[in-house]
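Colleague: Next come the chains, spelled out residue by residue.
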Amino acid sequence: MERYTYKTLIREIVMIGVSLLFFIPLYVLINMSLKAPTDLSSPLSLVTHPTANNYINAWNQAGLPHALFISALITVCSVAIVVVIAGMAAYPLARATKRWSRISFYVFLIGLLLPFQLALIPLYSTIKDLGLLGSPLALIIFYSGHQAPFSIFLYTSFLRAQPAEYEEAAAIDGCGPLRSFWFVVFPLLRPVTGTVIILNVLAVWNDFFTPLLYLSGSANATVPVAIFSFVGQYVSQWNLVFAGLVISIAPILLVYFIMQRTIIKGFASGLKG
Amino acid sequence: MTGTDVAVVVKPDSPAHVKNPRRKRGKYGSISFYFIVPAAVMYLFVVLWPSLQGVAFSFTDWDGLSQVRNFVGFDQFARVFSDPASVGALFHALILAAGITIIQNGIGLLLALGVNSKIKSRNVLRVFLFAPAVITPVAAAYLWQYMLAPTGVVNQILSMLGLGALRQDWLGNPDLALGSIIAIVVWEFAGYSMVIYLAGLQGVPAEVIEASKVDGAGTFRRFWYIVRPHLGPAFTVTLMLSLIGSLKLFDQIQVTTGGGPGYATQTPSTLIYSNIFQFNDFGYGIAIALVLTVFVAAISSVQYYGLTREGK
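Protein sequence lines, in the order shown, are assigned to chains A and B.
Going by my numbering, 25 is the number at position 25 of the first sequence; the sequence numbering is gapless.
Quick note, my numbering runs 1000 ahead of the 1-based positions in the second sequence.
Same shape as in the complex, but just chain B (with noise of 0.2 angstroms):
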């Protein structure tokens, strides 16, 4: 793919005068192609390549194993398009991006303004509180499970603070088991975005604040008008990271729902992996597949630019 843009390209660069600087500049554009290869080489082996095969066995009726694939057009779209199950995997996937966005990103920016101030204890709690993001999500859900259980341990808290009327069983009920996940993913994470939002926190030039509270600007103007505009990148790093992430969660409702109960926590990636592995439908999992990634593109997209165009 990017071969033959390169020969087309390079063209202009014909060796003529040698003793030029700028000759040297035209031959590094070049040369430097050959850098991209083996990045290029092992790209298009394991990503590009694969999907655009996936993208093909999506018109087929192929079980995965079977050298038989028959055509048979938009139909397993169509089935996307029709079948409960998926339409509330994509709904269930548009609830956990926004609910653990939101929600991560509050919680890792308050964080983040609480840990960069004078406090004593700042950098060892930073270190505590980024420490959920580096546990192995497998094991986080194994805790969690645990945790969430009908006589686990957040119904005992419950049950210490006089909130027994509370409880619940919190992966169990069809009602809450989305809004549990949403909390697994936000407790593992939102150190994750502290941490990001404390970079674009500490690059806030300590002077204009001083200068800005000379001047009288209260805590909230001086966070609206001075720091918040310092911290445009890091939203769209974070607000990128966590949204793609939570489209195409898998391992954390793998482990503590299974997609259930009933359909309730099933996911677009959740019902990929049944359809492929348990029913051997890889035509319909891998439309499915197809279709999250559209959206994931497309909302990815109308937030990347809505970021980058409020940052100018």
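So that you can see chain A by itself, here it is in the shape it has in the complex (with noise of 0.2 angstroms):
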């Protein structure tokens, strides 16, 4: 591209103004959180005496710790199911020109216009009837199911985007379906499923709704959960609430820094399609 010119640098100075103003919110939130409760200064004004006495006193009392645990396993758990029914899913939606193939791609879009509150009280009833009410199991069925319709929809427009020549020299080598899917089409949706895990990952870490509705009244709550409540007890003491907003999207912000390549990669690869 172009040297740096004068230009560029005006365009430099101006991309990281408009970047700091779209960071106050964030850098309110850590000041405030570092602020002892009996610091009354403004907002904007950077904290003279950090204290950690926040983060500790959120940490023990807004269950935290135990959210953290439960989150992450349900996030771990539904991704990867995620993962392998929506590349095994593809497979046939994307190579079969049969017309079922076709239909059960459409169907399978259907579930990306469907509000969720639709479905929301019949399977309520269910999982209620299954005895999982309060379960961490009920959100991995749910966002397994849930999360389905929009991981096949970019694995099968990425795979529809690649040759099928392997599949077929590994076909007439003599490699059964089951085999080529694993050793030759799944490798060929990597980079896709780089942005499938991302995508999931987010959506199912800071989804709010669906496990206040499933886990209310028991012992597990996700992060959000937790969050939710522990603002409705400590309304008003925001030094307190920031702190625990803090820990809330800690892990999720350390995965995104150290993997920012990668996401942002794993964007550009699954548009192709």
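Have a look at the derived ranges for each label pair, beta carbon to beta carbon:
1. A:V76 x B:P1084: 40 to 50 angstroms
2. A:L254 x B:N1173: 31 to 41 angstroms
3. B:D1083 x A:V76: 36 to 46 angstroms
4. A:V76 x B:Q1202: 23 to 33 angstroms
5. A:R102 x B:I1095: 28 to 38 angstroms
The list that follows gives simulated cross-link-like pairs (lysine-lysine, DSS-like), each with its CA atoms no further than 27 angstroms apart:
6. B:K1213 x A:K7
7. A:K7 x B:K1118
8. B:K1120 x A:K7
Just some of the chain A residues that point at chain B, by a computed CB distance under 8 angstroms:
9. F22
10. M88
11. P92
12. Y256
If you are wondering where the hints come from, they were derived from the structure by calculation, not from laboratory data.
In this text, all values refer to a predicted model and were calculated from it rather than measured experimentally.
Yeah, the Cβ is synthetic: ideal placement off N, Cα and C, and Gly gets one too.
Could you use the hints to bring the two separately framed chains together as a complex?
Modeller: Here it is, written out as structure tokens:
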């Protein structure tokens, strides 16, 4: 591209300014979480005597350690299931030219449009009848089905853009469908698998409404639910609340900052379909 | 649903010529159907079947708990279109969808163009601008509730800038609350759109850009005739995502305003929530959800066809 000129410098300054503007809320969040409740200075003025007390109190009072564990458990299990079943489903959906394959694809796409409230109460009754209310398993089952359509959509459109020659060669060499899926197609899907994992982890980890419904009244709460009831209890104790918020978003931000290159690349490769 | 389709369609691939590679493909077509089964079972159990049940319940007066369900025909749907609260909610959903989709994508595209250049900080900025999109919406909503309060940070900044006259109760004023929610959502997801546009921008071959510069194309013409056509898939994806997401918006509203003040930020999602969980008026809640579904499907398919046609 072009050399670094004065125009580039202006652009750089403008972009940094815009980004700082975007960052004000997060600055306020972290700044406030480090201030003692007695510190009544403006939320914008930088903390002078940072304290970890808010963090210690939030950690102990909000049930966050257990919530972090429950959230991690649910996220890992359901995303693993979604990756496998959606990847498998995309194989025939992208390759088989039969009518049923097209129809099934559209049937899955309908799932993208349905508001989750529509299925909510009927499913709630079923989950209750199965005795799974309050169990993380209920949410793992829910997400495995609920997140499938979008993942299938990403996988299928990606696979359609890939050449079928590898599988055909494998088939001619006597490779059965199962082996050719596992050794040829699934590795071919690797770039978009990154995207699928990232989008699903975000959706599952951040979901609020479903765990509120399916886990309420049990000892198991996910992070957003723990935060919700925590803020309900300590409303107006913003220093404490903000420390809780920071703890709750830290894991996902940490993963994001470590993997940002992969994440942004994942978006690029997932889009080519 | 898929099972019956398959039984019919697989038949033509009868086992005849084993040595022929084409036969392999036929066999592959039939066997690979089973790859759909796990996903189909989960999808059927969690999404499709309960949704169909929900459709059936919308023609009843079910309260969500009792065994008694009286068939009431289209009464619930008639209520949706005559009740000012639900008509208003659908109208609010449209405003939110239009506002969020346009502003989020406009800012996202500008950010992508700004970041996709020779500036030294581009990698850092990209990472930071995307960060709000990964934050739990409930947490972000609480943060903004604090920011937008009458004594909150936004008003303090306005005073510092000498614009104290513009101080507002951003979430408490019925005329401003909806706009404030649009701002919150745009703050969260403009970086999301940016990253998708960035992916599209990186697909533009550098040589073509260089060639256009040599030929003397200005910045705007270069964007319109060379860059924009490469952004087709990015437009489709991010417009669809933000449109569907904003029509179904729930978390941010429930946390910041709960649909208020009055009915000012009531949307189908919050209305469904209160009808089901506060008033036990399940049949009505589900009727609203169905109307919302038709809404989302109609708007997004119009948008999808519009976008894909333009791409060609």
